[in-house]
Structure formats: structure tokens, C-alpha cells
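Chemist: Counting in my numbering, the final residue of the sequence shown is number 82, and the numbers go up one at a time with none missing.
Please keep in mind that the hints were generated in silico from the structure rather than gathered at the bench.
Beta carbons: idealized from backbone N, C-alpha and C, even for Gly.
Watch out, some of these pointers could steer you wrong.
Unchecked claim - What follows is a set of in silico ranges between Cβ atoms, one per label pair, in the way DEER data are often shown: (1) Tyr-63 - Thr-22: 32 to 38 Å; (2) Gly-20 - Tyr-63: 31 to 37 Å; (3) Ala-60 - Ser-25: 24 to 30 Å; (4) Asp-28 - Gly-61: 27 to 33 Å.
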Amino acid sequence: MSEAVETRKGETAKSELDLQQWSVVSFDKCEASGLTYEAAARLMTEKEAAGVYGLCIVTDDAAANVARNRPR
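All chains, full assembly: derive it from the sequences and hints.
Modeler: If you want it as C-alpha cells, here you go:
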């Protein structure tokens with residue numbers, strides 16, 4: 011049996027993948043954040059079908075860094 015994982019926000023889950031700490035990032039922007047990994051994977055599939063390119067799933071912290079460091 012696996013132990014629960016707790017984050018700084020006080021969420022408790024069996025896996026980090028179940029925590030709402032994942033973002034979907036495209037070439038252009040952060041498409042969404044605060045998702046579970048499963049929800050992020052679903053959104054990524056939807057965005058790909060809609061023609062959004064350069065998608066990846068990263069942590070919310072990483073997505074915040076990408077947005078700050080994007081050239082203007």
C-alpha cells in the first residue's frame with residue numbers, strides 16, 4: 011500500500027499525479043493550470059485536436075517560470 015503524499019497547499023493524494031499542480035503549456039501560452047495530471051492529459055488531447063501545437067504537461071511552478079521568461 012502506498013502512503014499519501016501531501017503538498018505545501020495541504021492537499022493529500024496517493025500520488026503526485028492526483029494533485030492539482032499540473033499545467034498544459036503550448037508554444038504561445040499556458041493553456042491551463044491547477045489540473046490533475048489526468049485532466050491535463052485530457053486537455054492536451056483536446057487542444058491537439060483543435061490545432062494547438064507545442065503542447066506539454068509541466069508543474070504549475072514550471073509553467074509560471076516559462077510565462078515569466080518568455081520573450082516579448
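Chemist: Confirm or reject each hint.
Modeler: Hints, one by one, checked against the model:
Under the hint 32 to 38 Å, the C-beta atoms of Tyr-63 and Thr-22, about 36 Å apart, fit the expected range. Here the CB-CB span from Gly-20 to Tyr-63 is close to 36 Å, well matched to the stated 31 to 37 Å. About 29 Å separates the C-beta atoms of Ala-60 and Ser-25, a value consistent with the hinted range of 24 to 30 Å. Here the CB-CB span from Asp-28 to Gly-61 is close to 30 Å, well matched to the stated 27 to 33 Å.
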